[in-house]
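2 protein chains.
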Amino acid sequence: MNKLIEREKITFHKVKPDPSSLEFGKYFTDYMFVMDYEEGMGWYHPRIAPYAPLTLDPSASVFHYGQAVFEGLKAYRTEDGRVLLFRPDQNIKRLNRSCERMSMPPLDEVLVLEALTQLVELEKDWVPKEKGTSLYIRPFVIATEPSLGVKASKSYTFMIVLSPVGSYYGDDQLKPVRIYVEDEYVRAVNGGVGNAKTSGNYAASLQAQRKANDLGYDQVLWLDAIEKKYVEEVGSMNIFFVINGEAVTPALSGSILSGITRASAIELIRSWGIPVREERISIDEIYTASARGELTEVFGTGTAAVVTPVGELNIHGKTVIVGDGQIGGISKKLYESITDIQLGKVKGPVNWTVEV
Amino acid sequence: MNKLIEREKITFHKVKPDPSSLEFGKYFTDYMFVMDYEEGMGWYHPRIAPYAPLTLDPSASVFHYGQAVFEGLKAYRTEDGRVLLFRPDQNIKRLNRSCERMSMPPLDEVLVLEALTQLVELEKDWVPKEKGTSLYIRPFVIATEPSLGVKASKSYTFMIVLSPVGSYYGDDQLKPVRIYVEDEYVRAVNGGVGNAKTSGNYAASLQAQRKANDLGYDQVLWLDAIEKKYVEEVGSMNIFFVINGEAVTPALSGSILSGITRASAIELIRSWGIPVREERISIDEIYTASARGELTEVFGTGTAAVVTPVGELNIHGKTVIVGDGQIGGISKKLYESITDIQLGKVKGPVNWTVEV
Numbered sequence: 001m002n003k004l005i006e007r008e009k010i011t012f013h014k015v016k017p018d019p020s021s022l023e024f025g026k027y028f029t030d031y032m033f034v035m036d037y038e039e040g041m042g043w044y045h046p047r048i049a050p051y052a053p054l055t056l057d058p059s060a061s062v063f064h065y066g067q068a069v070f071e072g073l074k075a076y077r078t079e080d081g082r083v084l085l086f087r088p089d090q091n092i093k094r095l096n097r098s099c100e101r102m103s104m105p106p107l108d109e110v111l112v113l114e115a116l117t118q119l120v121e122l123e124k125d126w127v128p129k130e131k132g133t134s135l136y137i138r139p140f141v142i143a144t145e146p147s148l149g150v151k152a153s154k155s156y157t158f159m160i161v162l163s164p165v166g167s168y169y170g171d172d173q174l175k176p177v178r179i180y181v182e183d184e185y186v187r188a189v190n191g192g193v194g195n196a197k198t199s200g201n202y203a204a205s206l207q208a209q210r211k212a213n214d215l216g217y218d219q220v221l222w223l224d225a226i227e228k229k230y231v232e233e234v235g236s237m238n239i240f241f242v243i244n245g246e247a248v249t250p251a252l253s254g255s256i257l258s259g260i261t262r263a264s265a266i267e268l269i270r271s272w273g274i275p276v277r278e279e280r281i282s283i284d285e286i287y288t289a290s291a292r293g294e295l296t297e298v299f300g301t302g303t304a305a306v307v308t309p310v311g312e313l314n315i316h317g318k319t320v321i322v323g324d325g326q327i328g329g330i331s332k333k334l335y336e337s338i339t340d341i342q343l344g345k346v347k348g349p350v351n352w353t354v355e356v
Numbered sequence: 001m002n003k004l005i006e007r008e009k010i011t012f013h014k015v016k017p018d019p020s021s022l023e024f025g026k027y028f029t030d031y032m033f034v035m036d037y038e039e040g041m042g043w044y045h046p047r048i049a050p051y052a053p054l055t056l057d058p059s060a061s062v063f064h065y066g067q068a069v070f071e072g073l074k075a076y077r078t079e080d081g082r083v084l085l086f087r088p089d090q091n092i093k094r095l096n097r098s099c100e101r102m103s104m105p106p107l108d109e110v111l112v113l114e115a116l117t118q119l120v121e122l123e124k125d126w127v128p129k130e131k132g133t134s135l136y137i138r139p140f141v142i143a144t145e146p147s148l149g150v151k152a153s154k155s156y157t158f159m160i161v162l163s164p165v166g167s168y169y170g171d172d173q174l175k176p177v178r179i180y181v182e183d184e185y186v187r188a189v190n191g192g193v194g195n196a197k198t199s200g201n202y203a204a205s206l207q208a209q210r211k212a213n214d215l216g217y218d219q220v221l222w223l224d225a226i227e228k229k230y231v232e233e234v235g236s237m238n239i240f241f242v243i244n245g246e247a248v249t250p251a252l253s254g255s256i257l258s259g260i261t262r263a264s265a266i267e268l269i270r271s272w273g274i275p276v277r278e279e280r281i282s283i284d285e286i287y288t289a290s291a292r293g294e295l296t297e298v299f300g301t302g303t304a305a306v307v308t309p310v311g312e313l314n315i316h317g318k319t320v321i322v323g324d325g326q327i328g329g330i331s332k333k334l335y336e337s338i339t340d341i342q343l344g345k346v347k348g349p350v351n352w353t354v355e356v
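Chains B and P are the protein sequences, given in the same order.
If you count the first sequence from 1, position 145 lands on 145 in the numbering used here, and the numbers rise without skipping.
If you count the second sequence from 1, position 171 lands on 171 in the numbering used here, and the numbers rise without skipping.
Rather than coming from a laboratory, the hints here were simulated on the basis of the structure.
Be aware that one or more of the hints could be misleading.
[What the hints assert, rightly or not] Straight-line Cα separation of at most 27 angstroms, BS3-like style, residue types lysine-lysine; simulated pairs:
no. : chain 1 : residue 1 : chain 2 : residue 2
1   : B       : K175      : B       : K318
2   : B       : K131      : P       : K151
3   : P       : K129      : P       : K332
4   : P       : K129      : B       : K211
5   : P       : K154      : B       : K16
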């Protein structure tokens, strides 16, 4: 145990929510991790403290100029009661890449992993064991300097909060979703911040998400901002297509989030002898492949839902039904493979799981 | 006075900062305006309260998904001691346009103007009278729902804080700035949120601003995200070029902020019989006009500095000196005209100033 991380004890434990009715990101555990940054001083006072509100000046930079980055990962309860993290090193590396893009100071990756592990260890009892449940881990950094000058903040706070969560889609896990291909709004463009996990990208996506919902769709598939032709990503997921027995997913062009489930999916699918191509894919190719009967599966990957089968796409007003609207073989195998690794039922590639 | 706005009294007044050393947005007055929103209930409890920190859950939506919009305007002290606001109705309208784009609930524009006026009236003593100083007014809205689900927040807080400020560029007001034309990073793209005054746009701009500073330039001139060819705006300003005796400024394409000083500048310059064209302008045209000796002035417009002359542009590595690096006639006349109206020395067009 790293003695640098101070601990403040609580005297009262919260009542844990009913694991059968966990809303995503609504309940939080007893403790959180906090660390502060001041220019000239660096990161200081790493501590595990009682979960409590933050007190910030109304002029704090995050409220005005939006320097805020985050990560999302999960701790899973194995059948024999152990607690596993899934590739936390990848999340921490990406957090630092996001910080760099947003002109925020880098974190010590070793200390963050230690903090995350200590916090989850302390809150082990909060990791639910019911099917589909997990303890969602949200590390995030916000700019705190009380100043309205438009510039990088001179102070920041890094926090980790924990939230027990149910299956992302409730009982309908693996029920294929309906996707609206958005051709009015865009999410990101090269030279922008689309590959950083920063708050503004999510705020910018809400109007299109609402439009898709109003039209009866579950999520938005974003196209590139320049030609509105090439596939980028889905609301909270990266996207894969299975065409003629090969998987294809948009290449990391600079405007797409580099998903950790995406990278894991590519590695696993290739390990089964199925080719995976990372390339620029136009939405017209997808439409044509479907018309020819060559598009057999579409699925999204992400931490929240792991693998989400797509049953229907609305492409410029035309409906494309994927695989009779049922979950495909690769999607199903991928979901089972990743969740089996996450739950410690099978051993994944080296270092994919870290026991707490 | 609108009796709906509750008032809480302070018992202790802050010491006002020395007006000769006002840093931008660093000092705040004794009071602030606050109003809350809950889904199903609307905006409620408008109040003028002592300036104090905000208390928010670590899971508050603004920290994670970035729903945050703001405005900036100023209250000016006239020579005879009155206090004037410059076109506050325009800021409030734009605030609501920003809210709409960011899936945030609209504000009652009449109530906001009333709140703003009452707050400035109460804090009248904080409006400095020294040359170039003013009381900066920052209305802003942030998402406060404690939930990690990616969706529009169900609760918000609207606040107005006031900060006495000096001249934006210190003693060097109207000293021409040096601008770096950015061709790697981009600010915004059509279909995105570039025309909303939302926090994420500013966070996204910081890395390019730092790069420009490192190269010895004051600010960045953004090009369009698609062709990296057409002029958009400068860091915190809209931009105007004077070519062959005519002023030209980028049209509001959807990715550019609709500046209130920009609109005022267009109206004033036209009133002098000088044509102003709002159109798509390529950076190559600017370079060519300069080479031909036709580019006589370049200036930025914005609330913070009103009019900022540009003395030098770096266009793809080539240096373009504008008007021998000195302030041009239209820039100077525009600065004087707008500030004369703001300070009540001359009467501007109808409703441009509102006395508090």
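Okay, the hints, checked on the actual structure:
no.: 1; hint: B:K175 - B:K318; result: holds (21 angstroms)
no.: 2; hint: B:K131 - P:K151; result: holds (25 angstroms)
no.: 3; hint: P:K129 - P:K332; result: holds (22 angstroms)
no.: 4; hint: P:K129 - B:K211; result: violated (49 angstroms)
no.: 5; hint: P:K154 - B:K16; result: holds (24 angstroms)
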